Amino acid sequence: MRRLILSLMLLPALALADGQQVKLDARLGHPSLAAGQKHTSYLKVGLTGFTMEKAGARTPVNVAIVLDKSGSMSGEKIMRAKEAARRAIDHLAPSDIVSIVAYDSTVRVLVPATKASDKETVRAGIDRITPGGNTALFAGVSKGADELQKFLDKNRVNRVVLLSDGLANVGPASPGELEALGARLARLGISVTTLGLGLDYNEDLMSRLARASDGNHVFVEQANDLARFFALEFGDVTSVVARDVSLTIDCAEGVRPVRVLGRDADIVGQRVTARINQLVSEREKFVMLEVEVTPGELGSERPVAQVKVSYGNLATRSTDTLKASVAARFVATPAEMTAAADKWVMVDAVQLIATEKNRMALTLRDEGRNTEAKQVLQDNAVFLEQNFQRWGTSSLKDLSTSNKEDAKNLEGENWNRQRKKMRRVQYQFDMQQSY
Amino acid sequence: MRPRLLLSLLVLVLAPLAVLGWLGLRVADDQRAAVNARFDAVVQARLDEAADRVGRVMSGRARALSTALDGAPATVAALRPWLAGQTAFAHMLVFTADGDVLFPPLTGARSEAERLFLERTRGLWAGRALAATRAAAGKDGDPPVARDGWHIWYWGGGLNLLFWRRLDDGRLVAAELDRVALLADVVAALPSTQGEAGTERTRLLDSAGRTVYQWGEGAVPPTAQPSHTRALPSPLSAWHLARYGDPPPTAAGGLGLWLGLGAAALALIGLAAWFWRASSHELRLARARVTFVNQVSHELKTPLTNIRMYAELLQDELPEDDERAQRYVAVVAAESQRLSRLIGNILTFARQARETLVLRPVPARLDDVVGDTLAGFGPALAAAGVAVQRVADAPGRVLLDPDLVGQILGNLLSNVEKYAAGAPVRIATARDGERLRVTVHDGGPGVAAAHRDAVFQPFFRPSNALTDRAQGTGIGLGLARDLARLHGGDLVLLPSETGAHFEITLRAPPAPASQEDAL
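Heads up: the protein sequence lines correspond to chains D and X, in order.
With the first letter of the first sequence counted as 1, position 284 gets the number 1029 in this note's numbering; the numbers rise by one all the way through.
With the first letter of the second sequence counted as 1, position 466 gets the number 581 in this note's numbering; the numbers rise by one all the way through.
These are calculated hints, taken from the structure and not from any lab test.
Quick caveat: nothing in here was measured; it's all calculated off a predicted structure.
Do not rely on the hints blindly, as some may be mistaken.
To list a few chain X residues with every Cβ distance to chain D over 12 Å, as calculated [to be verified]:
hint	residue
1	Asp167
2	Ala189
3	Leu305
4	Ser307
5	Arg318
6	His413
7	Ala565
Covered stretches of chain D (in silico footprint by chain X; criterion: 3 or more residues with CB under 8 Å from a CB of chain X, positions within the stretch not fixed) [to be verified]:
hint	segment
8	851 to 858
9	883 to 896
The beta-carbon is built from N, C-alpha and C at its ideal position, and this holds for glycine as well.
Model the full assembly from the supplied sequences, consistent with the hints where possible.
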């Protein structure tokens, strides 16, 4: 890492090659549809971040580390958190901007937004943290975002990294309100990553805050894992290559957009719009649209959708536009249709459907309908197992196992931990989190 | 004497201390009030500054929204992507000039978010409520109507804000300022906690009185009342800032004051102690003088008694015809008698001062006692040319102190000898049961009515040409009256046209019969 930083210092903003483009990949789960029938299929619009051509080149970042220092963080937790934050600073290049905010009942801006070249000041700020008090999470994130806004730049990765081990209890504290805050920050080009530490944080609040701003969300059960997750997060932050990705999918006549799995999207008539805050190098993020296709004539080919993507290219610092169109062919039998199904689209769709079921089971469990929840999870595991048999992808097998495990832990003292794990896994699949 | 001195010294110390203390407290009060007023001003200024910051955020938002809304495209199709690109707001209402909703479309294709937005703003567009309150233009002659501004409405448990603007083409547009987004901006604008220790805390309370943000190190008990409050500027005037914490203590000023008071108290107490010591010294000195005189008089008494006794023996034994010797001895006897009275007076006075004077009654006849005393004074009175006229009318033996009665009468006769020379004196006794009466009426110049009481005061002598020549201790009459009172009676100066007319009254029970028989 240190070598990367050095080389970045030596090679400032050289003109980057024109070939640096996000890869757009729009495909239908069933490119061949049985004629004469109405079908439900999945349209996947995948976007893969490119690799920075210059070795070590990366997008400068503007990051605010917001640490919960409430009384519950005392002891090992705060010690590990400080250590993790201190080490995370090492990932930053001198041109990066960093700020440190700590909150309990009130907020302290320990290090106002400053160039990461002055790492001693930043570390000294981290060292000043002493735990005690309540949890003014909303204000902490707001102040962190305020520090980011001092140097808010479209060509930087603007991110709040929030670590909390507790419930918000000063100021706005409901998941809905924090979600609205996330949405507001997303509009400003800021994403919020939430690291939930231990077993006492509000996973709904933390995951919704992250989701609304397209950040990451992690469940860190043990404080000694913090350093690893901070490193992963900073790896994610420092490999962003595209920002403000907006997707427009115009469905053709005879194709009804039903819903988007996992992500939030707007469906107005035939048009579907969705936003992805940022794309990471060599990682795919996608929008999975469920469509209903009206019956077609055998042998005919019909357009399904026109896809338009625009995004801010952080390598060239320009706004790029990509287009793609998706069509379907009508074949004679359902067997032909199944045989021609697109494996990777279907695997991703299955994972998202299973995630949705998992989320449903969690809601049922919250309502006290444990038996139903258990049934949903067991059915989900079977559904995933069947698809594993069909597609042979180990991730499906893993997810099936995970659902079985969830089904076993709906009762008793494991539930709190399990619920956090479920939220984390749901988030991972919905948002295609890089870690 | 002593308690009164003590009391006056206490007053001397306490009165100025009380005045000083009261003044000091007044000064301290004034000082505290001044400090509090200054402190109030500082705190209020800080709250004003915080409120102003929020005000600046809001006016900045208003300016940005006003500019942004001017660029709102005309068609629904163009509005959606335009809206998606806005950073300041996520939803907006567009009305035609007539007040009909143009966007989000009430019918036809719309997103879920648009549907929810329409639902929560129903109160604003149903019945053209917003359009009606933000009328396009006034009638001719009316003052110009504002083109844009905030619109507050309450929904979902709190205050919500719209920024509305009347566009040039007559459309009315209104952008929704998400409450949480607004709150995030307000929080960002307000101060954060600084420093490591403090006792104050400021809270931002929303329209329902909930704490939405707070800063400052001080802990606030749940029941605490804010010391200062300040409403946020419009449109957030339903929110207010509340500052908790006590004003800083004014210990320094108070300490100085109490030190000053303490010093004054010490000085006063020192002064009082000095006075006390000085007066004690004088008293001790006076007592020592009395004691000395008393001791000397005691020493004189024994030889004087001897002189008197031998002078009287000599008088008896000298041949009658040796006139010269007789005359000399008579003078020695008379003078020694006078001296012994004087000493008796001094000793009595000293005993009285020590309150050790006691009555020693013995059975005796008043007329005998008066006769004995007159006999002693005989030569002296004769020498002064005073003729004695006696009326003795107090028969019977009573219990009385002959020495004491002799001393009273002796003092009166001594005065007669000194002041009423050359005129007869009339001495009468009377008895009425237990009450005995002796009157001494001389033919001297008498006592002026104004001095009738004063003559009994110790060391008083009426000043006039006659008395100035006479010698005396000035304690005789006062002592005589005190002795008469000790004997259950009194000594008074009766009004008289000529000379001084004294009346001695005594109380003396009759002597028991057995004692009378024995004599």
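Hints, verified against the model:
Distance check for X:Asp167 against chain D: the nearest CB is about 17 Å away, which clears 12 Å, and the non-interface claim stands. Once the 12 Å rule is applied to beta carbons, X:Ala189 is consistent with being away from chain D; the minimum gap is 18 Å. For X:Leu305, the non-interface assignment is contradicted: its Cβ lies about 9 Å from the closest Cβ of chain D, within the 12 Å cut-off. For X:Ser307, the shortest C-beta to C-beta distance to chain D comes to about 5 Å, within the 12 Å cut-off, and the non-interface label is violated.
The Cβ of X:Arg318 sits about 9 Å from the closest Cβ of chain D, inside the 12 Å cut-off, so the non-interface label is violated. With 12 Å as the threshold on Cβ separation, the claim that X:His413 sits away from chain D holds: the shortest Cβ distance comes to roughly 91 Å. Chain D leaves X:Ala565 outside its interface by the beta-carbon criterion, the shortest separation being 91 Å against a cut-off of 12 Å. Three residues within the 8 Å Cβ limit are the bar, and the segment 851 to 858 of chain D against chain X gives 4, so the coverage statement holds.
For the segment 883 to 896 of chain D, the assignment as covered by chain X holds, since 8 residues bring a beta-carbon within under 8 Å of that chain's beta-carbons and 3 suffice.
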